[in-house]
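From first to last, the protein sequence lines are chains A and B. Each residue of the first sequence is one higher than the one before, starting from 743 at the first, in our numbering. Each residue of the second sequence is one higher than the one before, starting from 7 at the first, in our numbering.
If you are wondering where the hints come from, they were derived from the structure by calculation, not from laboratory data. Backbone N, C-alpha and C define an ideal beta-carbon position, used for all residues, glycine too. Be aware that one or more of the hints could be misleading.
To be verified - Listed below are the simulated DSS-like cross-link pairs for lysine-lysine, each with C-alpha atoms no more than 25 Å apart in a straight line:
#1 K142(B) with K871(A)
#2 K957(A) with K1079(A)
#3 K51(B) with K1041(A)
#4 K798(A) with K239(B)
#5 K1035(A) with K51(B)
#6 K47(B) with K235(B)
#7 K235(B) with K770(A)
#8 K145(B) with K858(A)
#9 K968(A) with K943(A)
#10 K770(A) with K239(B)
#11 K1096(A) with K1035(A)
#12 K150(B) with K871(A)
#13 K56(B) with K70(B)
#14 K858(A) with K150(B)
#15 K43(B) with K1065(A)
#16 K1065(A) with K47(B)
#17 K1065(A) with K56(B)
#18 K145(B) with K871(A)
#19 K1001(A) with K1082(A)
#20 K1120(A) with K1096(A)
#21 K1079(A) with K1041(A)
#22 K758(A) with K871(A)
#23 K1079(A) with K56(B)
#24 K1087(A) with K1208(A)
#25 K1120(A) with K1079(A)
#26 K1079(A) with K1065(A)
#27 K70(B) with K1169(A)
#28 K235(B) with K798(A)
#29 K239(B) with K142(B)
#30 K798(A) with K51(B)
#31 K798(A) with K47(B)
#32 K201(B) with K43(B)
Said to hold, decoys possible - Some chain B residues flagged as far from chain A (calculated, every beta-carbon gap over 10 Å):
#33 G16
#34 I101
#35 T173
#36 L184
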Amino acid sequence: MRTNQINNEERIKAFKTAKKSEVIERQKLNVRYHVEDFDVNDRPRRFLEAFAAILKHSNYRMALDHYSRVAARCSHCATTCQIYQATGNTEDIPCHRSELLLDVYRRHFTLGGMFKGRISSSGYLTDEKIQEMAEAYWNCTACRRCVLECPMGIDHGLITHLARYILSEIGIVPRALVISTREQLEGASRNTSAVPVPALKDTLEFLEDDMFEEKSVKIKFPLDVKESEFVFFPAVSDFLMEAETLMGIAAVFAATGDKWTIGTGYFDGINYGLFYSDRILERVIHNVDDETKRLNGDKILIGECGHASRTAKNFMPVFCGGKEATPVVSILEYTHKAWKEGRLKLNPEVITQKVAYHDPCNFARNRWIVNQPREVLKSFCKNYVEMTPTGENNICCGGGGGTVSIDEIRPYRTTVGGKLKADQIRKSGCDILVAPCANCKKQLRELVEDQGINCQIVGLHDLIYKAIVFDESLVVKKEKNPTGKEEN
Amino acid sequence: METLLNFARGPLFRLCFALMVLGLIRILFLDVWAALKAFRKTDDKRMPWKLIFSRTWEWIFPFKRLKNNFQLYSVISILFHIGLIIVPIFLFAHIQLWKESVGISWISLSYSWAFWLTTGTIIFAVSMFIGRLVIKQTKLLSRKQDYLWLLLLLIPFVTGFVCANLTVSPATYHFFMLVHMLSGELIFVLIPFSKIAHCVLAPLSQVISVLAWKFPPMTDDDICTTLNKKGAKV
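Work out the full structure, taking the sequences as your base and the hints as a guide.
In structure tokens form, the structure reads like this:
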């Protein structure tokens, strides 16, 4: 059954602890990611207090009660978990991981468990159990593929999310995520990559010039345009690393003529709260909502990013007024609709290489966006190939659940987390892999580099930018001046 | 022995059956009540019913699972459940008892169907027991109750099979019949308090999971206050 296990050498590299021994000694936490210094005293008590506070003010008790009653421990989930497939460690089976928290819940928060525990004087939460959880729940990529396999319908992804939330309340959370979130919520730049507004403006101007040079079309990145139909929130890292994706999106809007804007007050779609804290999740969602309201926009448009799209789509109604919440649209949905309506023309002669599509988990697992990008791609990529499995059964890139942002665990992500994905890419033989998600793109690039796979990782709009055909009326004729150079 | 059999067949059966029904109603009520409470607490009332129904359907008819690489275990598990549900409900002898005591009856299994389904269920239960013992990951996850349940479920099937198909002395027959009834009744009593509660709860799993992701708004303040973190930096 386990066909993709890593070898010993890879295992040692992947599981090497990220800290010096004195730091481990001080923090009493032997994990592969850096954690900011935190109060190490009385951790079990503080863990239980945080657990109790979260249970009191949330709906988690309902789910934990239900899962505790139905859990059959059949290990079906092991067949789909890519982490377990790669390590072969039984500790990595999703059901085993979930049981770590369910055991604490049963023992300390149910009458039967408390009674049984008192009688037998056992099952107390210890530092060792917290250590085990700190390791296990950040091994998981929260791809939620195991959810499809569980005969009892247990959402192991939800349990991972809750466990990380509780751990974060006692200070156990990857430093990389905390620093980014701190900058986003409390820093001057108000975004996870600390991009100041002047730098944003410079970047966009530069991209506009580039696009004019390449396409002879005056394509704009509209800033702070009030009453636009769409207020755009990409993963902010796109401004630094994914120029072609942004140009593709701007090009699509130039072709359709719809009104969109980027707000300079807040322009980051990233929401790390999804990975470790409901409190953070809500605060970031409110920032997105506030900026949309400031600009009086009709809809929130999220760029090519799986988790940003899922958080906005699912949690905008949850935290910002239910039915009254501003509608959320993914750029993939928008582009697909424009293409279907015939407002987007794509030249099928431009992309000749073998192209495959990677489903980001946050789009596909709940069958939200599966076919739309494929239809667009197939319309202009002659040599399109499908990977197996795909759609809601897709294999995670290996950097899901926020782990991609933790640079110190790169060896883990590219040998364990992404092992199955690497095999899948190799098998498909694709030259270009389309991954419409900022996190997936970063992880997949590192994966193909570390695994020595010759494949280019791009976003959907990167290819659209290359193939887009503009209406003649938009193209600015360039005249040749006496020196022979072109001028507009 | 006769008195004991009549007691097991009559008052004890009624008591155990009632305990099972009431116990299942209780946990079902608790689950539904918790779900309704969660639904009231959230501002987002949208429910992806299509997805919920389609995934629940896949749970009831788990043929999709046969595609994975755990096929043999899945096939055995599905067949085991089919026998486990159909035989006790549609066995002619059981229906006769209902008819005599309550006056209701329904369609019953033919003798050959009952024979093969019972045989199959016994074989599949033994296979699942062996599976739990030998498959590495299943073995690690299994609790005592996971093994005991399979053994306990085997008892009424084996004893019922003996009584229905083998020629034995009246004393042996009565002994097997008593064990058959007592084990069945023990199962009834334990169902609501064990993992077998999934027989009524599992169809709710998808709804519960969807609702659990619908977090109540404005909990930041409440949780920070409870944890003395008000005004603390990220």
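So, going through the hints one by one against the coordinates:
1. K142(B) with K871(A): With Cα atoms ~23 Å apart, K142(B) and K871(A) stay inside 25 Å; holds.
2. K957(A) with K1079(A): Roughly 23 Å between the alpha carbons, so the hint for K957(A) and K1079(A) holds.
3. K51(B) with K1041(A): Holds, at roughly 20 Å.
4. K798(A) with K239(B): 22 Å, holds
5. K1035(A) with K51(B): 22 Å, holds
6. K47(B) with K235(B): It holds: about 24 Å lies between the C-alpha atoms, which stays within 25 Å.
7. K235(B) with K770(A): Distance of about 23 Å is within 25 Å: holds.
8. K145(B) with K858(A): Holds - the C-alpha atoms of K858(A) and K145(B) are around 24 Å apart, at most 25 Å.
9. K968(A) with K943(A): With a Cα-Cα distance of about 17 Å, the restraint between K968(A) and K943(A) holds, given a limit of 25 Å.
10. K770(A) with K239(B): 23 Å, holds
11. K1096(A) with K1035(A): 43 Å, violated
12. K150(B) with K871(A): At roughly 21 Å apart (the allowed maximum being 25 Å), K871(A) and K150(B) satisfy the hint.
13. K56(B) with K70(B): 17 Å, holds
14. K858(A) with K150(B): Holds, at about 16 Å.
15. K43(B) with K1065(A): Distance ~19 Å between K43(B) and K1065(A) Cα, so the pair holds.
16. K1065(A) with K47(B): This hinted pair holds, its Cα atoms lying about 14 Å apart.
17. K1065(A) with K56(B): 19 Å, holds
18. K145(B) with K871(A): 21 Å, holds
19. K1001(A) with K1082(A): The hint holds at about 19 Å.
20. K1120(A) with K1096(A): 11 Å, holds
21. K1079(A) with K1041(A): Status holds; Cα separation ~15 Å.
22. K758(A) with K871(A): 20 Å, holds
23. K1079(A) with K56(B): Holds. K1079(A) to K56(B) sits at ~22 Å (cutoff 25 Å).
24. K1087(A) with K1208(A): Given pair K1087(A), K1208(A) holds - Cα atoms ~12 Å apart, limit 25 Å.
25. K1120(A) with K1079(A): Distance ~15 Å between K1120(A) and K1079(A) Cα, so the pair holds.
26. K1079(A) with K1065(A): Distance ~23 Å between K1079(A) and K1065(A) Cα, so the pair holds.
27. K70(B) with K1169(A): 24 Å, holds
28. K235(B) with K798(A): Holds, at about 16 Å.
29. K239(B) with K142(B): 45 Å, violated
30. K798(A) with K51(B): The given pair, whose Cα atoms are some 21 Å apart, holds under the 25 Å limit.
31. K798(A) with K47(B): Measuring from Cα to Cα gives roughly 12 Å; hence the hint holds.
32. K201(B) with K43(B): 24 Å, holds
33. G16: 31 Å, holds
34. I101: 29 Å, holds
35. T173: 38 Å, holds
36. L184: 30 Å, holds
When the structure is compared with the earlier hints, violations turn up for hints 11 and 29 and for no others.
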